[in-house]
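Colleague: Protein chains in written order, with our numbering: chain A, 1 to 175; chain B, 1 to 156.
Bear in mind the hints are in silico, worked out from the structure with no lab data behind them. Computed from a predicted structure; not experimentally measured. Warning: the hint list may mix true and false statements.
What the hints assert, rightly or not - In silico EDC-like links for lysine to aspartate or glutamate, alpha-carbon gap of 16 Å or less:
#1 K92/A to E110/B
#2 K162/A to D64/A
#3 K84/B to E38/B
#4 K92/A to E148/B
#5 K92/A to E132/B
#6 K10/B to D58/B
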Amino acid sequence: MTMDRRTIPIAPAQPSGRSAAFEYISTRKDELIGWARKFSIFPYPFVTACCAMEFMSVSSTPYDTDRFGAALPRFSPRQSDLLMVVGTVSQKQAPVLLKVWEQMCEPKWVMAFGVCATSGGFYQNYAAVPGIDRILPVDVYIPGCPPRPETVIDGIMQLQDKIARQKHAIVTRDF
Amino acid sequence: MGAEVFDRVKSRLAAREEEASLVHGILVVNLAPGAVREAAGRLRELGFDMFLDVTAVDWPGREPRFDVVWHFYSTTDFVRVRLKARVPEASPVVPSLTALYGSAAFMERECHEMYGIGFEGNADLRPLLLYEGFVGHPLRKDYPKEAEQPLVPYRD
Ligand code: SF4
Chain A
1 MTMDRRTIPI APAQPSGRSA AFEYISTRKD ELIGWARKFS IFPYPFVTAC CAMEFMSVSS
61 TPYDTDRFGA ALPRFSPRQS DLLMVVGTVS QKQAPVLLKV WEQMCEPKWV MAFGVCATSG
121 GFYQNYAAVP GIDRILPVDV YIPGCPPRPE TVIDGIMQLQ DKIARQKHAI VTRDF
Chain B
1 MGAEVFDRVK SRLAAREEEA SLVHGILVVN LAPGAVREAA GRLRELGFDM FLDVTAVDWP
61 GREPRFDVVW HFYSTTDFVR VRLKARVPEA SPVVPSLTAL YGSAAFMERE CHEMYGIGFE
121 GNADLRPLLL YEGFVGHPLR KDYPKEAEQP LVPYRD
């Protein structure tokens, strides 16, 4: 029997009570989980070069990244959800960086901190990776050589917006 | 103070007067590649106990193409000596100084990978800053600057 496309019902005629509730929750759950997640970013700093100085300054008290819930660096990629790549990544280091990223659990985000991590910056040679987005997906890029702490905070806030707008695939039908 | 040290070095290292000159306060001695090991041995006897560096200079179009350059420092007289030897592209080989100066081993490895200079007597010339499988010598002037050899395949 061939099925006429127009006869396929778009919605079940008699929605069960449970799935109606589920649909209501699922319209709001991304907002709820996004709100929770955007204030509990655990960064893992992958620090390789001079941008580290600015990373230290942005983690210091005057800039207070605790406001964004992003103050506590985790020194194991398995416990973190934001990979901050701070500085130049060389071709020899690229497998290490990729392995660190692979060790992180979902959900995870990647921040390219400074022009070296973003695009290779002024390096175009045999040694430097021309931007970490050649080897892993990047969520937020922070320009500057090195970026000022304000720029970094702006980057964190952009990432928060992105997290808040994302779909969070943790609520299932059994939730 | 350095003058009489230089005179001593000059008299023991350079056969002819024009092979040695004073450049920016460093005594520069030009040698044949084969004479380097002996010269370094004499420098060691003269109190040049610190091996600073070995590197190369690429002169494309010149024959012989490479200068290999060594720097030595004396921690008793506080003076530096530079040895220079020219090697051709066809056989860029100089003697290794690892038997005299242990610290030469890593610097020779670096010079080997960056310029392709061979060091006779250094058994361990594995890549140091580069990685296994890297083709070519990146600090040679004919290595294209955009030639990347990624270890991780690039995404799309
Ligand atoms: S962007 Fe500038 S400050 Fe940052 S690692 Fe690169 S060269 Fe250093």
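Colleague: Check the hint pairing K84/B with E38/B against an upper bound of 16 Å on the C-alpha distance.
Modeller: 13 Å, holds
Colleague: Would you mind confirming whether the straight-line C-alpha gap from K92/A to E148/B stays at or under 16 Å?
Modeller: 11 Å, holds
Colleague: Between K92/A and E110/B, is the straight-line Cα distance small enough, at 16 Å or below?
Modeller: 15 Å, holds
Colleague: K92/A and E132/B: Cα distance at most 16 Å?
Modeller: Holds. K92/A to E132/B sits at ~10 Å (cutoff 16 Å).
Colleague: Given the hinted pair K162/A and D64/A, is their alpha-carbon gap at most 16 Å?
Modeller: 21 Å, violated
Colleague: Would you mind confirming whether the straight-line C-alpha gap from K10/B to D58/B stays at or under 16 Å?
Modeller: Answer violated: K10/B to D58/B is near 26 Å, above 16 Å.
Hints 2, 6 from the list above are not met by this structure, while the remaining hints are.
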